[in-house]
Each structure stands twice: as C-alpha cells, then as structure tokens.
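J.: All chains, please: the whole structure from these sequences, using the hints.
Chain by chain, the residues run as shown.
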Amino acid sequence: MSKHVVLAFDSIHDVIKAEKIIVRHGIWCDLVPTPRELSSDCGMSIECRNEDLPDLESLRENGALTWRDIYRT
Amino acid sequence: MIYLDNAATSHPKPPEVISAVQHFMVHVGANPGRSGHRLSAQAARIVFDTRQSLAELFGVSDSRQIVFTSNATAGLNIALHGMLGPRDHVVTTSMEHNSVMRTLQHLEQERGVRITVVQADQQGRVDPAAIREALEPKTRLVAINHGSNVVGYVQPIAQIKEAIGKVPLLVDAAQTAGSYPISIERDGVDLLAFSGHKSLLGPQGIGGLYVHPELDLPPLVRGGTGSRSESDRQPDFLPDKYESGTLNTCGIAGLGAGVRFILERGVTTIHNREMDLLEVFLEGLRRIAGVVLYGPSSTKTRLPTVSLNVEGKSPSQVGGLLDKRHDIMVRVGLHCAPNAHRTIGTFPDGTVRFSAGAMSSRDEMEQAVAAIEEIARS
Ligand SMILES: Cc1ncc(COP(=O)(O)O)c(C=O)c1O
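Residue numbers (our numbering), protein chains in the order written: chain F, 1 to 73; chain Z, 74 to 451.
Don't read these hints as lab results, they were simulated from the structure.
Hints may contain errors.
Derived list of chain F stretches under chain Z, where covered just means 3 residues or more per stretch with a C-beta under 8 angstroms from a C-beta of chain Z [said to hold, decoys possible]:
id	region
1	22–33
2	57–67
Computed footprint of chain F on chain Z, listed as stretches where at least three residues anywhere in the stretch have a Cβ under 8 angstroms from a Cβ of chain F [claimed, not checked]:
id	region
3	107–115
4	118–132
5	295–309
Built from N, CA and C at the ideal position, the CB exists for glycine as well.
T.: Structure (structure tokens):
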C-alpha cells in the first residue's frame, strides 16, 4: 500500500488555507509541486500520510477542507 | 520635518512595515505559489496572511473575495468596467475622485453609460434619499466615495445601501480603509476598493478590491495565475480570476504588517486618536483671523483631513511657505477631485489640505497651527 496521498486544490489560496487547517489539527503535511497526474490544478499541492486520510476526510465532510482531487503516490 | 499629507500617502510607516518588506526581500523573494519550492510556499503564505488580515479588518467572512491590485484606482477600474455595460445607468456623487469620474467619462463615451451625479451639500455631505431619487430601472451601480479626500467627511454607507436596496453599491474606501471602521458584510457593501499605501500603512503600489460572492464581473486583465495552467481560459474562481501576473508580494508583505498594526490597536482607537488631533488643529485654526475652513466643522463622521485657505494668498503660495519656511508637508490644489472643489466653492484654485495620520502627534498639530498663524499674519 502507498504511504502518501497528494491533495490538489483550485488555487494557491486554497492550498495555504488547507495547510493551516491541517497543521492546526496536528496532522503532518508538506507542500509539494503538483504531480503531473494532477496538473489540471494549481502549481502546489499538499502531501499527507495515508494513515491520516480518515481524519482528512472528516475535515472535508464538515467543510473545513476543499480539495478538488486526490492522488496516491 | 512635519508630514501632514497622509491622505496622499501615509508617512512615516510603522517600523514593522519596513521590517516585513525587508524580510521578504532578504529571506523570501520568490514568486508566490507559482513554483513548488519552499520559498514560493513562504511567499504564498505571506499573501494569504495579508488577505486574511484584510478580511478581518473589513468584516469579510471569506478572504478569497478580496483581490490584490496595484492601487485603489485599479480596483475601481475593475469594478466600473466590469459592472457597467452598454447604456447602463450609474449613480455617483459630486465628491468623487478622478479615479471614478474619468473612468465613468470613458465608459460614457465607449459604452453609452449614462451617469447621474448627485450633488453633495457645501460641507460635502450626500443625502441617501437623494441617491435613492436618482435611481432608474436601468441603474446598475451606485458608486460612492466613502471619505472625502478634500474635506474629510465620511458618507453613511449603511444608510445609502438601505436606501438603494438591491442596486449594487461600490464604495471607494481609498481614504477610509484603516482609519475609519468599515464592515462590508454588515453594511451590505457589494464592491469596495482600497489603497494599501494610505491609512492601511503599507508601501505604494499595492491596493485591492472586495467583490461580493454573488457578483459575476469580467476581469480587466487576463493571464497567468499559477492555477489551471493547462487551460486557455481565465479561471472563474477568486482570487485568481482578478489576479493575473505576478503580484506585488513585497508590497503585500508590508501591507500585511500595516494591517496587523491597525488590528492590534483597533481601528476605532486609531480613529478616536486622530479625532483628538483634529480637534486640537481645528480649535487652533478657529482662533486665527483670515483662515477660511471648508467642510464640516464637527469631528463627527469624518477623517483628520482639513481643507483651508488663507485670505490674500493662493493655496500654492501657502503650500510653498509651509514647505520651505516651516518644514511642513501638505498638498495644495484640487486633489484630483475637481467636482468636490466645485461643490465646496473652491474651484479652480483649490485649497491647502492638511491630513494627519496614525503616526501624527499633538505637538505636530500645534506646530502646524503656529505656522499657519504666522503665514496669515505675514
Ligand atoms: C477618494 C480617493 N479615491 C481614489 C484614490 C486613488 O487611490 P490610489 O492612488 O491608491 O489609486 C484616492 C487617492 O488619492 C482618493 O483619495
């Protein structure tokens, strides 16, 4: 199983907003150049650990996070 | 040196603003978000933080609705060009700056836009009922200068919005942003343009525009945004829709520090302090024979901007003496607002304008009074 996921967003504004929310919830993340597979989005994306995906999904469900696309490395 | 030309550009800036600009230049420097590296991310965080601080200051719940421009003029141009189509009707006032009036004149010629100018009274006050009476079925926009750059009066925008109902309201907040409380969502403002280099205490070359989420106006400039790079089409989401090309990140860094300086102290505290300075200044001036004061005489709903003339001397003579003999910097003439001067009866010579700011002191106001007294006597 892959260890990381990459979350892609519409704009760099949304990326930075999401980064702040993820960090505030004590979840590890890193900003990375958007992988080619996701190139329809903005230049930067957020890499997270696979194991944190359930927590990220619940943040998305309550509207805090708004990624458009997800890619498993 | 006494600087009383804050209505043109605020000076000096708080030390935090200078440090923020320097920090960006020395330690960050990169293009915000365009490239995937650490410095690019750091630059993007600075842009994000400044946008968030502005949203907090202006009472906006989603900071994406605030877009950066080079100055208030650029924001006003996006708003006016975007809102007014062929033969649309716009209502504005006799207190507008050339950034609004010249753009409207252009749209009148190019698109047949019809303009109704509502006359302010001699103090520069606009009656919300007069705005409502000027509305027509095809009125697409009401454009109002919030705080006069000539006489300092602040128009009641919440009452104006109440009077015009659903017609979108564009507020030119070049003079008020940072020195007078503004609550965009509570007051029902649809579009608001601001300068970063005046009371928001940032550097020159940065400003912005708030756009209500339900408004769909085309951008004035299209190009690279760092998003949707594979597509030939301009993004339709904010802020990217209106932010093509590399931003003035250096200016945005300084502006962010300026806005945080204001948020820490509170805009009402800054405003009240400026009204105390204004009181000192006006009291001193009233005692001098031969000084003609324009605009409202009270310190209610206004800015610390004062227009005056000295009998027997032209504004430029007075300005020259203040600069050369008294080391006091002011602005003389028409202040890019000829109609405002027609309204207060000072066209075409204009006035001498003193504008205090967040960094002004009581002592400076007293010295300015003494200088005017000497000039009036000479
Ligand atoms: C009322 C008003 N509107 C617009 C502007 C234009 O501001 P900027 O120079 O930031 O474009 C000014 C500045 O002088 C102003 O006083």
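J.: Identify every previously stated hint that the structure contradicts and give their numbers, smallest first.
T.: Number 2 - this is the single hint that the structure violates.
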